[in-house]
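*Asks:* Chains as they are written, first to last, in this note's numbering: chain A, 1 to 323; chain B, 1001 to 1085.
Simulated from the structure, these hints should not be mistaken for laboratory data.
A quick note: this is a predicted structure, and the numbers were derived from the prediction, not measured.
Mixed in with the good hints, there may be bad ones.
[Claimed, not checked] Some chain B residues close to chain A (C-beta under 10 angstroms, calculated; not the full set):
1. 1010
2. 1020
3. 1022
4. 1023
5. 1038
6. 1042
7. 1045
8. 1047
9. 1049
10. 1056
11. 1073
12. 1081
[Said to hold, decoys possible] Examples of chain B residues toward chain A, derived with CB under 10 angstroms:
13. 1004
14. 1005
15. 1011
16. 1012
17. 1028
18. 1041
19. 1043
20. 1061
21. 1062
22. 1064
23. 1068
24. 1074
25. 1077
26. 1079
27. 1084
28. 1085
[Claimed, not checked] Derived Cβ-Cβ restraints for the label pairs, each shown as a range:
29. A/18 / B/1059: 17 to 25 angstroms
30. B/1064 / A/153: 42 to 50 angstroms
31. B/1049 / A/39: 27 to 35 angstroms
32. B/1063 / A/275: 54 to 62 angstroms
The beta carbon of each residue, even a glycine, is placed where N, CA and C say it ideally should be.
Residue-level listing of the chains:
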Amino acid sequence: MKMLSTLCHLFHPQRSNNHRPKVLHPEAYIAFSILIVVFSLSLVHLPSFVGRTGNVLGFASSITAGDVLAQTNQEREKQGLQTLTINTRLNEAAIAKAQHMLEQQYWAHTSPDGTQPWKFFKQVGYKYSVAGENLARDFGTSGDMMQAWMNSPTHKANIVSPKYKEIGIAVVDGTLLGTETTLVVQLFGSAPQAPAQITKAAPPQELKVVAEKLATSNPEPETLDFVQLEPVVPSDLVGNADVLGGESFLISNLQTPALFSPLQLMKAFFLAIIFLVMGTLIYDTVIMSHRNTVRLVGKNFAHLLFFGIVTFLLLFFKAGIIG
Amino acid sequence: MKMELFKHKLAYIVLAGALLVFVFAFMGFWPNRLLQRISIGVVVCFYFFWGTITHIKTDTLTRRVAFEYAAASILAGTLLFFITL
């Protein structure tokens, strides 16, 4: 009986709640907001504290380097540009960059210890006149990832730059900041002919950086050749984090796909809250339309419209971050 | 409900139009999270002011009503902000 009266107090407009379900009071909205903050921060930071989350949290991906190359060249062809050829040294450099991010646990063009992207070009002996880097993570498909890159002017500039002739692609599964994910690194380059410069996808002021040295030899463009990687985990979390796998044609999927992505969990929790609020709003509107009670409250229809839009955006929000 | 919509149709047209613009902006800004968050801030402020102004015009604004619009805006803003993390 007490349970029923509590439920009525929460969801049914009556005298005890001033003829407005308690769930729709401003204090309840604030309480929901606090709950959302606590839940989200726990989800984002907990994996970093406890290390890996096993195979529970992570982003499943079907991205392959072959798809990335094909779609990159498709975009170039649309612009009437020459297609890019795979260079194995650039592939190695891309893999080194992805490994570096997973080992050092960072997500950026420049690592926290100051390692710049062109260090990886030099490391594998790739000589360039112009070079660039695109990064992506957490995408489920290469189509979404390519769309995100093409929506970003700086990344698009790399993909459809006539200066580049060669490309290296790494699609690496690993654990970044406690979450299983797939990192994609695209490195662009061109053999040296003019004074060296390097561009990377970054805020415009950082877009062009003149490289200091030009290397001596020209790398031979290689035949189509990709590298498949084993999932990588940071060395402080797992005994031996050896990374590089085999050589030839690839498919790089998560070997033990995670149960949920953090985004899916967040969406489920957020939608549960918003459906509760919207359901109560609809119920309150129906009940009050049959009563002659006057009350000074916000407009239910406006709230429904506003929360409806929020629901729509939550449902269709896509995962994926580019850098 | 119909009466309410009819009585304040201009206010609701403004609200619906602004929310529609927000949806297109939010989706169009993808994958730029910063712009998405800025658009969230704008729409949250808009909704609060829309609510208070609408109630001022009908002479039904109380502190409690303003608090309700502020709280609803905060809830929506929190939901959208954290999904972009």
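*Asks:* Now, for every hint given, state plainly whether the structure supports it.
*Replies:* Going down the list of hints, with the structure as the test:
no.	hint	result
1	1010	violated (13 angstroms)
2	1020	holds (8 angstroms)
3	1022	holds (7 angstroms)
4	1023	holds (6 angstroms)
5	1038	violated (15 angstroms)
6	1042	violated (13 angstroms)
7	1045	violated (13 angstroms)
8	1047	holds (6 angstroms)
9	1049	violated (12 angstroms)
10	1056	violated (13 angstroms)
11	1073	holds (8 angstroms)
12	1081	holds (9 angstroms)
13	1004	holds (6 angstroms)
14	1005	holds (7 angstroms)
15	1011	holds (8 angstroms)
16	1012	holds (7 angstroms)
17	1028	holds (8 angstroms)
18	1041	violated (14 angstroms)
19	1043	holds (8 angstroms)
20	1061	holds (9 angstroms)
21	1062	holds (5 angstroms)
22	1064	holds (7 angstroms)
23	1068	holds (4 angstroms)
24	1074	holds (5 angstroms)
25	1077	holds (8 angstroms)
26	1079	holds (5 angstroms)
27	1084	holds (8 angstroms)
28	1085	holds (6 angstroms)
29	A/18 / B/1059: 17 to 25 angstroms	holds (20 angstroms)
30	B/1064 / A/153: 42 to 50 angstroms	holds (46 angstroms)
31	B/1049 / A/39: 27 to 35 angstroms	holds (29 angstroms)
32	B/1063 / A/275: 54 to 62 angstroms	violated (29 angstroms)
Violated hints, listed in ascending order, are 1, 5, 6, 7, 9, 10, 18, 32; each of the other numbered hints is respected by the structure.
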